[in-house]
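Student: Residues per chain are reported as follows:
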Amino acid sequence: MKLNRRAAFAALSATTLALAAACGSAGSGDGGGSSSGGLTIGLALSTLDNPFFVQLKEGAEEQAKAMGVTLNVQDARDDATNQVNQVQTFTTQNVNAIIINPVDSDQATPAAKAAETASIPVVSVDRVINNAKVASEVASDNVDGGSLAAVQLGKVTSGGVVQLQGTVGASASKDRGEGFAQGLNIAGNINVIDKQSADFNRARGLDVMTNLLQAHPDLKGVFAENDEMALGAIQALGDRAGKDVMVVGFDATPEGLTAVEQGKMAATIAQQPKEMGKKAVEQAVKAAKGEQVQQVIDVEVKVVTKENVAEFK
Amino acid sequence: MTELPAEQRRGPGGDAGAGQAAGELLRVEGITKRFTGALALDGVDFQVRAGEVHVLLGENGAGKSTLVKVLAGVHNPDRGTVHVDGKPVRITSPQHARALGIAVIYQELTLVPELTVAENLFLGRQPRRFGLVDKARVRRDSVALLERVGLRVDPATPVKQLGIAQQQMVEIARALDLNARVLVLDEPTAVLTDTETERLLTIMGELRDQGVGLVFITHHLEEIRRIADRITVLRDGRSVGVLPAGSSVEAMIELMVGRAIEDQYPRRAGEPGEVLLSIDGLTRKGVFSDVSLRVRAGEVVGIAGLVGAGRTEVVRAAFGVDHYDSGTVTVAGERLPGGDVRAAMRAGLGLVPEDRKGQGLVLSSSVGENLGLVTMRAATRAGFVDRAGQRRRAEEMAAALRVKTSGLNQTVRELSGGNQQKLVIGKWLLADPKVLVLDEPTRGVDVGAKVEIYELVNRMTASGRGVLLVSSDLPEVIGMSDRVVVMAHGRVAGELSTEGLTQDQVMALAVQEPQQQAAEREQPQQQAAGD
Amino acid sequence: MTSPATSTRTSRGPGFALGRFLSNNGALAGLVVLAVALSILSPSFLSTRNLLNVGVQAAVVAVLAFGVTFVIVAGGIDLSVGSVAALSGMVGAWLATTAGLPGVVALLLGLATGAAAGLVNGLLVSFGRLPAFIATLAMLSIARGLTLVVSQGSPVATPDVISALGANLGPYLPVPLLVMLLFFVIASVVLNRTYTGRAMYAIGGNEEAARLSGINVRGQQLAIYALSGLFAAVAGMLLAGRLSSAGPQAANGYELDAIAAVVIGGASLSGGVGRASGTLIGALVLAVLRNGLNLLGVSPFWQQVVIGVVIALAVLLDTLRRRGR
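Protein chains in written order, with full-length UniProt numbering: chain Z, 1 to 313; chain S, 1 to 531; chain E, 1 to 325.
Source of the hints: derived by calculation from the structure; they are not laboratory data. Keep in mind the model is a prediction, meaning the values are calculated, not measured. Glycine included, C-beta positions come from ideal geometry on N, C-alpha and C. One or more of the hints may lead you astray.
One-sided and incomplete, this derived list gives chain E residues near chain S with beta-carbon spacing under 7 Å [stated by the list, open to error]:
1. F184
2. Y195
3. G214
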């Protein structure tokens, strides 16, 4: 009985591993015949729950395929500890370079140090890694984006606006909020009458916006720190969205862009995640080969409105 | 107060206050306690002296448990006074009761099964040395304490390995070490075998000699005759009288029930009919083997034997709760598949299990819900239960069984043991089985309710049903059965007609050793008429 | 058994009757206190519009919690409902939008997905003898993972029939509110009138007594977990409908809200006790709280603290009431 159970468990484990291996190979690039062939790059993502990072991953995968390198993608599910573990696993797998998209700028430091100890070059993407040596930082400026959002909101409306904040304490929320506050001074004609967190989540965005409408029926505009919340807010606003209440989002996700196109969303801020993914892989391959890399690469933050939305689709 | 007991030789903490009758530890006067709607205690008076066994006697629901809980500091009385050592006190919590020297041993023990005997004895107050538990001292003190209650076990034994009787002793030892001078034992013998009960009564006698005042609650009148110094009888929340030692069983019953009970075992046997239940060669390796018996229509067949003889195991297997290896079970000509409770039910078998709280009742549900549990399937059409019908039938059954309850919606947990047992039987009576197996149906049930349960048995057999009665209570099994099957060591040791049967004859078979059994089988026992 | 001496306390006013009703329904009392406090603090709280909003915001968690009520009454636990809701919504949306099936068929298949996931939970618990906590924890992970696999990490638009579940019927009547009330009635009927419902109380109260009374415990467990999965699927459709989009992270963590709602509603985590009305009140308590905190503009940092305190208080109130008996 005991033996049988052990055998069954072993068989089960083997099956699971085989399955996992099959799933894994389906996701990674198949090494082409170019000069970069044979290189393996590890990409440690903060989360795949957010379309923004899914696009970043897609950009990275496209670039990896074009350059003929193998890309190994891991998702930390927004948990900094997971991320450190995953990067450590990369180092034991002897990947040639590691791209880290930090869950948190401070908490990613041990992960980067682990790579540094193993003499594997690190490229950070989207967020910086504090107190660690990285070969290259690929980033777009969240603070700058927040500021642009405020200026744009000031162009299309004036008066009282509400701000839908992201997950309390998340760095993207902190940076975008800080930028928005700076931008308010530049715009001059809008003021924040209420701030609430909706966890970067569309359903929460809908609920929180519905509630805020009860408290402030005459508000003029909404700044949501990501498109998911903005789309929820638009749902809550119904016909008012784009007419007497202007919504500005952030991230330029496909659905966000559609909303801009339809005029429901006044603007969104494009960080060009695909571009960031591509650039990160490009830098990582260079670093792996020991070529010259660019210390800081700023992927431009752009305001997307109905006029220029076609460029981003 | 003239028959003062010999003053204690080494009364623990026996600093009896001056100015009151010497030796009086506890006096309760005019205690009244009302719960929503019902008056549980109505001006009860009660005293406990050092060095006496004072029995609290009464039917279920008479107020014994409430009185105990007042003494234990669980309930606050609405009126009345409690004196400890002659001083009026207000017992506010179980901790306070303990501090006053009052310890209660409930039926449900409060030991931690995973810990050892010694750890349980000193739970939460281990002697320490240099901040660490002083294991050597724990061990020494444990041995001394266990000695006091006559328990010879290694203090390092995990409590879960002890039998229930030994666990009780551990609990009593713990209470004594906390300087308990009044020890309340709430139906301790209900879960014990005869020999275990014997041991407990001996220990109680010894504690009495050490000057402890014991309050003893039991339904076994013979135990009372053996050990009681005084008996306070409660009925409907009032103290209706105090009987001296040596009072007759009849006197006790009459005071308790409020009327004389003519016959404790009112069995009315009829002419047995066709065979309804037939168990043939039933065997489960290592538990019981080659068990055969028959129950006919209109017949009560008893199964007697010592604890561990395999009685409960056989009836559980026959009902399909547990599996068996070989043999057959046939109900009214239909052979049961084995291991299938529902098939057994469909064929017309019912089982009232021995552990009513663990296996018989859903304590969190209502009276009506519990009564309808077995018949619910039959009362279901297209997935919906006919609740009006279920309610009506439950109402009728509760009335017929004279269940003392505030209504069908009352939670079963709040009922007394006897009333709970009536519900377990009642849910099966509603299903009208051809044969009903009763496993220890009157354990922890008072005399009045017992007789009512026996009358239910009579009514079943009178209407052509059969009853299989498993019981450790020998007078009951002899008094209520038409034939008795005696089991020993997982086998049928013999079958006896109850006509003129004595307890000794049953015991002689029950204590047979396996070799003896084999020899006896060559020369058949006195056979019952029916087989 | 009665004493004439103590009948002086029987004359009581109508205020007492209300008080006693509320004290017998701890969660309801909590809800009333919360509502009164909020209507004083915020003028917008008591508007019809806002109250309808609260109902809509309670709907998803309430429907999830009705399913969890079944499981908790039966003495189990279901941690997978949030993930199963997301998976069902995603399957419904994906089948219609990406695979091109008719909306109604996609909706039904989505619901079937939820029931199937629940059935797997039931199999693991009844025949696999896994603790419910572990079996449903595994399903929590599996269903969430499958949602990501199906969606490829991006939200999928829902077909009209699912979107209609999140819209209004006429100018004012929100469909989620109606669905919540409908499923409240269904849950009440299941719990009170059906064989499976009554078996839940018996199994949760004493599994052995239920078995010895001829109840097919394993079979009923399958049904109970499947029902929980089905209710989760309905909640998932509601959630997707409200957003016109099924998200891969939809209903993340909702299982905890659902369990909180059930417990606030007076159910016992050890089984055998619980009512659909209590669960509805529990879900409303959570929704009113979130709504009120938004209306009052309470800092997001403090909101989480307040929600936790209210959950603890609601259950504490109930426990104290029981102990007082």
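Student: Please go over all the hints and tell whether each is borne out by the structure.
Tutor: Now for the hints, and whether the structure bears them out:
Given the 7 Å rule on beta carbons, the hint for E/F184 is violated: about 18 Å separates it from the nearest Cβ of chain S. The interface hint given for E/Y195 holds, since its Cβ lies 4 Å from the closest Cβ of chain S, which is under the 7 Å cut-off. Hint status for E/G214 relative to chain S: holds, with the closest Cβ pair at about 5 Å, below 7 Å.
Hint violations for this structure: number 1 only, all remaining hints satisfied.
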